[in-house]
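Visitor: Okay, here's what each chain looks like letter by letter:
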Amino acid sequence: MDSIDKRLLNIIQDDFPLCEQPFKALGEMLGITGEEAVRRTKALAEAGIIRKISPSFDSKKLGYVSTLAAAKVPAEKLEETVEVINSYPEVTHNYGRDFDYNLWFTIICESGERLESIIEEIKAKTGISDIHSLPAERTFKIKVGFEF
Amino acid sequence: MTDKQIAIIKAIQEGIPICEKPFAEAARVAGVSTEQIIEQIRLWREDGTIRRFGAIIRHQRAGFRANAMAVWDVPESHIEKFAEIAASYREISHCYQRPRFNGFPYNIYTMIHGRKKEDCESIAREISEKTGILSFRMLYTTAEFKKTSPLYFLHTEQEEGGR
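Protein chains in written order, with our numbering: chain A, 1267 to 1414; chain B, 727 to 889.
So here's chain B without its partners, still in its complex pose:
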């Protein structure tokens, strides 16, 4: 990362202003031109450094109140197929493989968001039927103690004039 790129990340990671020319504002903060900042964001979108650029929704506030982490015990040979089916649901935002641990045989994690608990249950049931994976558990969110976005390069100082 160059100093300029780090300056751009710092200028946009906490959100761009909602106004007529938000990138001009962010560019001013980063000390680059509007064209440069838009071009850099586009490049990062293309190479996957930025997964998506857009509005982050407070889903609880928007009516999606039921959030379940469904964990699945999927044999190695079935993982690809399972993940493909699970990932096809819009209500599933995340799907990861993680290590099993003692007393916890589950290796695939899916985050399911629904307007109510039954929505999450029916999606999990459907996935279970489609994939034949019967060993799974639903862990519902009972409290949201912390939910923030990561902030990058907070302690990285750009050199004066390098911005």
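One chain only, chain A, in its complex shape:
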């Protein structure tokens, strides 16, 4: 990754040009051709650094509800619990953490009822009852950006 790649990454995380030929516009910012901007971006995607170029929607504005859930899972039940939780497409993130509440996952779905029923189902299927749903009461920041 050279300095042009780094600048490219810093720009396209936040300011991907919204125009017919965005890579041409990007190339102009970087002093390279549009073709080279495409080639470099493709290479960064192939290297796995760029996952995709896409919108990040405000799920609430699309009518969706979400929560973060914290579960206390005994080590011997972790694997099967993870499997049950991950089976729901509405579960988008599921992380192990070094704490007694050792499994933290996010749910995003079309209604509050669906959200409740997913948690109830997870409890019933896994036998894990110590799960807390912690929906955001206020959002102060969502801005994922990495400085290269």
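What you were told as hints is all true, and nothing was included just to trick you.
Derived DSSO-like pairs: lysine-lysine, alpha-carbon spacing no greater than 27 Å straight-line:
#	chain 1	residue 1	chain 2	residue 2
1	A	K1343	A	K1389
2	B	K747	A	K1272
3	A	K1326	B	K736
4	A	K1409	A	K1290
5	B	K730	A	K1318
6	A	K1409	B	K872
7	A	K1407	B	K856
8	B	K873	A	K1343
9	B	K873	B	K842
10	A	K1326	B	K730
11	A	K1272	B	K842
12	B	K873	A	K1407
13	A	K1272	A	K1290
14	A	K1327	B	K730
15	A	K1409	A	K1308
16	B	K807	A	K1326
17	A	K1318	B	K842
18	B	K736	B	K872
19	A	K1272	A	K1318
20	B	K736	A	K1290
21	B	K736	A	K1409
22	A	K1409	B	K873
23	B	K807	A	K1407
24	A	K1409	A	K1326
25	A	K1308	B	K747
26	B	K736	A	K1318
27	B	K872	A	K1338
28	A	K1409	B	K842
29	A	K1272	A	K1407
30	A	K1338	A	K1391
31	B	K843	B	K807
32	A	K1409	B	K807
33	A	K1318	A	K1407
34	A	K1318	B	K873
35	B	K843	A	K1409
36	B	K843	A	K1407
37	B	K736	A	K1407
38	A	K1290	A	K1318
Please keep in mind that the hints were generated in silico from the structure rather than gathered at the bench.
Since the structure of chain A is provided, determine the placement of chain B on it from the hints.
Guide: Structure of chain B alone, referenced to chain A:
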């Protein structure tokens, strides 16, 4: 949401192609014109329906390997000020207030990303010093069992011809 808007969301949410005219490609999939799709994305950017449009980074792969969820016990009267300071760090991607629960007195959640664990620690220490909030915990990611983007309107069918 109109059928056309839903078609646009479906066409772009999993990513636009990396090519000379990516929006022309996405527009073709959505059954709208290139101008229409770009205009709609711009409108959504302006009204906040789209928070940002750009490259999503696999930060582990990019060298940001330490990820901590720092949780803080912040009194109600200090929350605004605390959040303002925490949010000013580029290394903090998310900052939320969430309910406390029994045995867990923490109500503010901050996601900290660093190249190594010490980076996360020093940011948390700095925030603690600046804000005077001493009651906090760092919960480090030990395993990433699932990490996907939400996909919207998967089960919403557009009417034929409505696209």
